[in-house]
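Engineer: Construct all of the structure, not just a fragment, from the sequences and the given hints.
Position in the sequence shown (first residue = 1) + 4 = our numbering.
It is possible that part of the hints are untrue.
In the DSS-like style, the derived pairs of lysine-lysine whose C-alpha atoms are separated by at most 27 Å in a straight line are [claimed, not checked]:
no. : residue 1 : residue 2
1   : Lys148    : Lys336
2   : Lys480    : Lys63
3   : Lys360    : Lys374
4   : Lys19     : Lys107
5   : Lys360    : Lys480
6   : Lys447    : Lys371
7   : Lys334    : Lys218
8   : Lys334    : Lys178
9   : Lys19     : Lys175
10  : Lys180    : Lys336
11  : Lys374    : Lys362
12  : Lys336    : Lys318
13  : Lys512    : Lys64
14  : Lys380    : Lys447
15  : Lys334    : Lys318
16  : Lys180    : Lys218
17  : Lys107    : Lys148
18  : Lys336    : Lys175
19  : Lys200    : Lys180
20  : Lys19     : Lys200
21  : Lys367    : Lys336
22  : Lys334    : Lys175
23  : Lys385    : Lys180
24  : Lys123    : Lys19
25  : Lys371    : Lys385
Label-pair ranges, simulated between beta-carbon atoms [unchecked claim]:
no. : residue 1 : residue 2 : range
26  : Lys366    : Lys107    : 30 to 40 Å
27  : Gly120    : Cys143    : 15 to 25 Å
28  : Leu184    : Gly423    : 37 to 47 Å
29  : Lys107    : Gln217    : 54 to 64 Å
30  : Leu199    : Lys366    : 21 to 31 Å
31  : Asp230    : Gln276    : 27 to 37 Å
32  : Gln262    : Thr286    : 24 to 34 Å
33  : Lys360    : Lys427    : 30 to 40 Å
34  : Leu274    : Thr331    : 53 to 63 Å
35  : Asp551    : Glu408    : 46 to 56 Å
Hints in this document: simulated from the structure, not taken from any laboratory. Cβ coordinates follow ideal geometry from the N, Cα and C atoms, glycine included.
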Amino acid sequence: MLTQLTIHNFGLIDKVSLELTSGLNILTGETGAGKSILIDALRIALGERFAPSFIRDQKKAGIIEAVFDLSSKELCRLSVFEHFLSEDETTLIIHRSHQENSKSKIKINGFAATVGQLKEIGNHLIDFHGPHDHQMLLCAESHKGMLDRLISFDTLLINYQKIYTDYTTLKQQKEKLQELSTSRERELDMLSHQLKELEQVPLDEKKYSELLQKQTQLNNFEKLNDCLTQLTDLMENDTQGISERIRQTFSPMNQLNQIDEQTISFMHMLTQLQETNEQLSTDIRDYAENLSFDPQEAQLINTTWDAYDTIKRKYGPSIEEAQKFYTASKEKYNLLANFEQENNNLHEHITDLEKKLKQIAKKITAKRQKASVQLKTTIEKELNDLGIAHVKFEARMEKNNLTEDGQDNVIFYISPNLGEDLKPLANIVSSGEAARVMLALKKALINVDPIPILLFDEIDAQIGGRLGTITGQKLKDISQNRQIILITHLPQIASFADTHLKVIKTTKNDRTLTNVTSLNKEERLKEIAKMMSGEEETGISLKHAKDMLSKASV
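Structural biologist: Now the structure itself:
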């Protein structure tokens, strides 16, 4: 639940701190006092845009801090909360600040966070219902999700969705194949030409590197040959060559060793030098013997090189990329070449999966039909209590194409007046009726809706008198399982509050200020009386207020 909301330098607010409790938290106050500003602040704390225009004093930062107690272990285990909560921790503190010409700063339990994370957290914590939030109810696409909350599908829907994923993948492959079939012959000719061109040479980086080395040798044959001649002469000349000079050093080295034994290591090094020199001479001779210029081989190498060059230019830029292109083209060619067989195979698989999907979808529909009867009974009872006396409600299912959650379109139909045909909810309800239908749905879904906090802004539109009392009782019932935060102008609803907060507009230094105060028993009596009389409380309004509070507490 939301336990505290602290606001600094925001709208008409200089500094306000609200202490909230479980159950029904009600905010009252005269029109224009700033009740909606509090809701705006809470929305911003949970990811709405923090517009600079909200900041009261542009020289200072606007600050909003919301403190939540997450008593639900299921909530704490969600990945979006795990990042900010240590083990066994249940307090979540969201701190958001914004100053002119700077970015909004967001922290959750001291950790930096993003707007996206705030929105995800908000989706799990608070269900907002303001004047514009009833639009979701009027959107037929949302009706199936509402009905499905009443249903325990177990593994039925999971199995269906696994098969549906395979089904859509195969359908996409078949559609792609059909697209290719219109230009099949032309595609085959083009692919055949490309494959032949790519198959001229091995598409292998190692082979390509070896060819590059051979071509380098051919292009530099004369220079290589000159270098080898010079090396051979320098190393193996009978009188001045390195080999002969090393051989000549052995005689004085022997004499040196005989005179001083400490120089024996020199002989070892000289021997190693001679062995290294002999190995080098052998390697140079072998390289020279293998170096030859064969015109036919040179032509073959250059032709192969030209083929590689063309392939890299057309299908590269690298041999690896050309190999990928070849693999993809080969698959596409085989697909087109075996079009009929492939098309038939896909058709058989799709038909088989479609049959399985329809069998499971039929079971899903049966569960929805059963739940729709339960929803009809509950909604009609709740709306009847809320003053729509002759209401009829149905969650109708229309057969649709297979989708990711079955083959049903679910549309809520309603007839709020006696003798009228049922029509789609979106076409018939007024804003006041929409608010009451939403309240009835919340009551119907209370045991399956996981969101712990409900916020209602002006749910009392077009409601008064006895209906206000009934609406207040419904809200009180819901608040036994959920925390409710509610703005109302009706004393009948306000009388059911567990926590009653009054929003007050004052002036200070020629500026308007909004403050919030928590009402005690006596203050609450006066506020209810004032709401009833429309001005300062009177003896009669105080008596009526006392009676109203007494009845609400029963």
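Engineer: If a hint holds in the structure, say so; if it doesn't, say that too.
Structural biologist: Here is how each hint holds up against the structure:
no., hint, in the structure
1, Lys148 to Lys336, "violated (41 Å)"
2, Lys480 to Lys63, "violated (43 Å)"
3, Lys360 to Lys374, "holds (22 Å)"
4, Lys19 to Lys107, "holds (22 Å)"
5, Lys360 to Lys480, "violated (46 Å)"
6, Lys447 to Lys371, "holds (21 Å)"
7, Lys334 to Lys218, "violated (30 Å)"
8, Lys334 to Lys178, "holds (18 Å)"
9, Lys19 to Lys175, "violated (60 Å)"
10, Lys180 to Lys336, "holds (11 Å)"
11, Lys374 to Lys362, "holds (18 Å)"
12, Lys336 to Lys318, "holds (18 Å)"
13, Lys512 to Lys64, "holds (18 Å)"
14, Lys380 to Lys447, "holds (13 Å)"
15, Lys334 to Lys318, "holds (16 Å)"
16, Lys180 to Lys218, "violated (45 Å)"
17, Lys107 to Lys148, "violated (39 Å)"
18, Lys336 to Lys175, "holds (17 Å)"
19, Lys200 to Lys180, "holds (25 Å)"
20, Lys19 to Lys200, "violated (78 Å)"
21, Lys367 to Lys336, "violated (39 Å)"
22, Lys334 to Lys175, "holds (22 Å)"
23, Lys385 to Lys180, "violated (52 Å)"
24, Lys123 to Lys19, "holds (25 Å)"
25, Lys371 to Lys385, "holds (22 Å)"
26, Lys366 to Lys107: 30 to 40 Å, "violated (53 Å)"
27, Gly120 to Cys143: 15 to 25 Å, "holds (23 Å)"
28, Leu184 to Gly423: 37 to 47 Å, "violated (59 Å)"
29, Lys107 to Gln217: 54 to 64 Å, "holds (57 Å)"
30, Leu199 to Lys366: 21 to 31 Å, "violated (48 Å)"
31, Asp230 to Gln276: 27 to 37 Å, "holds (30 Å)"
32, Gln262 to Thr286: 24 to 34 Å, "holds (32 Å)"
33, Lys360 to Lys427: 30 to 40 Å, "holds (36 Å)"
34, Leu274 to Thr331: 53 to 63 Å, "holds (59 Å)"
35, Asp551 to Glu408: 46 to 56 Å, "holds (55 Å)"
Checked against the numbered hints listed earlier, the structure breaks hints 1, 2, 5, 7, 9, 16, 17, 20, 21, 23, 26, 28, 30; every other hint is satisfied.
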